[in-house]
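Fit chain B to the given chain A structure using the hints.
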Amino acid sequence: MSRKQVKGEYIETDTGNKVARKAVLVGTQHIMLGGKTVIQADAMIRGDLARTSQPSSAPGAAPGSTTAVAIGRYCFLSKGCCLRPPGRIYKGSFTYLPLRLGDHVFVGEGTVVQAATIGSHVHIGQNVVIGEFAIIKDYVRVLDGAVVPPNMVIPSFSIVAGQPARVVGEVPEGGHEAFELRELYKTVGNNPQPLPV
Amino acid sequence: MSSSSKRQSAFPRAQSGPKAPVNFSSSITIADSALLTGNHTINISSESVVHPRAKLDSAHGRITIGRRCIVHERTNIGAASADPRPSEARDGVVISDYATVEVGAVIESGGTMIGEGCHVGVGSRVGRGAQLGKHCILTPKTIIPPGEVVPDFTVVYSNGTRRLDKRGVTDLKNKAQARQIEVLRKLIPSNPAKFQP
Numbered sequence: 001m002s003r004k005q006v007k008g009e010y011i012e013t014d015t016g017n018k019v020a021r022k023a024v025l026v027g028t029q030h031i032m033l034g035g036k037t038v039i040q041a042d043a044m045i046r047g048d049l050a051r052t053s054q055p056s057s058a059p060g061a062a063p064g065s066t067t068a069v070a071i072g073r074y075c076f077l078s079k080g081c082c083l084r085p086p087g088r089i090y091k092g093s094f095t096y097l098p099l100r101l102g103d104h105v106f107v108g109e110g111t112v113v114q115a116a117t118i119g120s121h122v123h124i125g126q127n128v129v130i131g132e133f134a135i136i137k138d139y140v141r142v143l144d145g146a147v148v149p150p151n152m153v154i155p156s157f158s159i160v161a162g163q164p165a166r167v168v169g170e171v172p173e174g175g176h177e178a179f180e181l182r183e184l185y186k187t188v189g190n191n192p193q194p195l196p197v
Numbered sequence: 001m002s003s004s005s006k007r008q009s010a011f012p013r014a015q016s017g018p019k020a021p022v023n024f025s026s027s028i029t030i031a032d033s034a035l036l037t038g039n040h041t042i043n044i045s046s047e048s049v050v051h052p053r054a055k056l057d058s059a060h061g062r063i064t065i066g067r068r069c070i071v072h073e074r075t076n077i078g079a080a081s082a083d084p085r086p087s088e089a090r091d092g093v094v095i096s097d098y099a100t101v102e103v104g105a106v107i108e109s110g111g112t113m114i115g116e117g118c119h120v121g122v123g124s125r126v127g128r129g130a131q132l133g134k135h136c137i138l139t140p141k142t143i144i145p146p147g148e149v150v151p152d153f154t155v156v157y158s159n160g161t162r163r164l165d166k167r168g169v170t171d172l173k174n175k176a177q178a179r180q181i182e183v184l185r186k187l188i189p190s191n192p193a194k195f196q197p
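Protein sequence lines, in the order shown, are assigned to chains A and B.
Numbering-wise (UniProt numbering), the first sequence opens with residue 1 and increments by one.
Numbering-wise (UniProt numbering), the second sequence opens with residue 1 and increments by one.
If we strip away everything but chain B, and leave its shape as in the complex, we get:
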């Protein structure tokens, strides 16, 4: 075996890209191994949770995360769009209150708006400039094309069909989200200081 393979450093590699300027509420929970890069501001409001290995990239615009949001692991928020044209929107990604972004979901940057109480399913992709209304549900592996506007209370399936969510359980869902956040605060060791200057 060559000597080069023995010489690997035990330290984690340096983060790719610049350290992003951040604006955290004091009550958020952010895992140590979350990745925050870019040169625009990343705002995270009170009681939101960022899981380990979530990636927030503000290189293409500001990222704003509302109150009581949950961002799961391996998500990529603020991903570069396949479309190389510069977007005119000042905001990269806005995630409103009580939204959940599930494992491995990708949200492209460039005026993308995730409405209040939305649930972005596992491995979904939200294109640049797409606007999700309030309390939308994207099932796993859904793809929302760039610029698409999804009305409030829509359930979007991965095969493209849609329906309206008429259950009227938004208050219950928000309560459940608050409970889940209480538990996650105990389970995930938070280290916001690592990301702050």
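The shape of chain A in the complex, shown without the other chains:
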């Protein structure tokens, strides 16, 4: 049998995304992956909760404006995490608004993310709950088990933890290199490479 017919655990796309076959992607037409993103098994993305009310100024809005979840490059979605767009009453009607993730965002196991925006180089631990419309800036570390309340804005280079989450520290100088996910990206997929020591 040819090599082509061997089915791996992951589907690898041309842009380098590695999506587990057991990942649950609902409403795929509203999910944008930037490339080199890993989605592990049982991760769930609710792309079907797309924006319904368009801004009145743009009746013929550009295609792609109904993106529900936008993910940058080198993001890593661990097993059992869940990304869903936040929703609220806006101008008298209920609407879901898009969830945007920057580059090099790590989402831990069992974490539920309902944020509005997550910047680049953000590490979110396991079993974290990110409340609706939270905004997380760049280089933020959210420790395991934290509950980030709705509408919270987390400034850059913070470390947050607790229920409810509070800023407990700062990312030390030079500590930003730990947020790089290029090496982690290579360790999963159909031909996983070991981490360089």
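Watch out, some of these pointers could steer you wrong.
[What the hints assert, rightly or not] Below, simulated DSS-like cross-link-like pairs (lysine-lysine); rule was C-alpha separation at most 30 Å, straight line:
1. Lys166/B to Lys134/B
2. Lys55/B to Lys19/B
3. Lys79/A to Lys7/A
4. Lys173/B to Lys91/A
5. Lys22/A to Lys194/B
6. Lys22/A to Lys55/B
7. Lys194/B to Lys79/A
8. Lys186/B to Lys22/A
9. Lys134/B to Lys91/A
10. Lys137/A to Lys91/A
11. Lys79/A to Lys186/A
12. Lys175/B to Lys91/A
13. Lys173/B to Lys55/B
14. Lys91/A to Lys166/B
15. Lys186/A to Lys7/A
16. Lys186/A to Lys137/A
17. Lys55/B to Lys79/A
Honestly, the hints are just simulated from the structure, not real lab data.
Only chain B this time, still in chain A's reference frame:
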């Protein structure tokens, strides 16, 4: 690679457990990938919404969901309790009108009652036989022990502290819930026929 890994069936696995007898209102929205199992009746009243991958298990008693409820994804309603003793209650879980059960919440079966307008937060667990009063709010990851009685308008935090909700916004909340359901009806393709005999 062994040949067994190539031979996986493309069909979804058969549902675990028996197909539950259901009693749906004609106006509900239930996603195709919701899981309904068990041998007692599952009642869902008018205009309620069941998200994809929500699991309703009536093996340990009847499940009743009121009007205009929202059951989010990955919830487990009617989960088996850790306590093996049989419960004397005939009802498994009763969820009253206008209640919301958030992502990944678990509601154990055995006379469990969720009051009107309650909000069960992300990843919370409501023990067997617990009684939540009207318009209670459980913040994410709250655990309500079995048999606990929570009075009306209580806000329960995940660290165990409580307070009374004196905002008096129940009518507004119910209106917002109705708006949200209107939107969800458009977004979630409903397939009640799949669950009906």
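Do the hints match the structure? See the list:
1. Our distance criterion of 30 Å between C-alpha atoms is met by Lys166/B and Lys134/B, whose separation comes to about 13 Å.
2. For the given pair, Lys55/B sits about 12 Å from Lys19/B by alpha-carbon distance, which is consistent with the 30 Å threshold.
3. Among the hinted pairs, Lys79/A with Lys7/A is consistent with the structure: their alpha-carbon atoms are about 20 Å apart, no more than 30 Å.
4. Between Lys173/B and Lys91/A the alpha-carbon distance is near 16 Å, which keeps this suggested pair within the 30 Å criterion.
5. A threshold of 30 Å between alpha carbons decides the hint, and for Lys22/A with Lys194/B the separation of about 22 Å falls inside it, so the pair holds.
6. The hinted pair formed by Lys22/A and Lys55/B meets the criterion: a straight-line CA distance of about 17 Å does not exceed 30 Å.
7. Restraint check for Lys194/B and Lys79/A: the C-alpha separation of about 29 Å stays at or below 30 Å, so the hint holds.
8. As the CA atoms of Lys186/B and Lys22/A are separated by approximately 26 Å, the hinted pair is consistent with the 30 Å bound.
9. With a C-alpha separation of about 28 Å, the suggested pairing of Lys134/B with Lys91/A holds against the 30 Å cut-off.
10. For the given pair, Lys137/A sits about 27 Å from Lys91/A by alpha-carbon distance, which is consistent with the 30 Å threshold.
11. For the given pair, Lys79/A sits about 17 Å from Lys186/A by alpha-carbon distance, which is consistent with the 30 Å threshold.
12. At most 30 Å may separate the alpha-carbon atoms for a hinted pair to count; Lys175/B and Lys91/A meet this at roughly 14 Å.
13. For a cut-off of 30 Å, the pair hint linking Lys173/B to Lys55/B stands: about 25 Å separates their Cα positions.
14. Restraint check for Lys91/A and Lys166/B: the C-alpha separation of about 26 Å stays at or below 30 Å, so the hint holds.
15. Distance restraint check for Lys186/A and Lys7/A: the Cα-Cα separation of roughly 19 Å lies within the 30 Å cut-off, and the hinted pair is therefore satisfied.
16. The suggested pairing of Lys186/A with Lys137/A holds, with an alpha-carbon distance near 26 Å, which does not exceed 30 Å.
17. About 19 Å separates the Cα atoms of Lys55/B and Lys79/A, which keeps this hinted pair within 30 Å; it holds.
Of the numbered hints stated above, none is contradicted by the structure.
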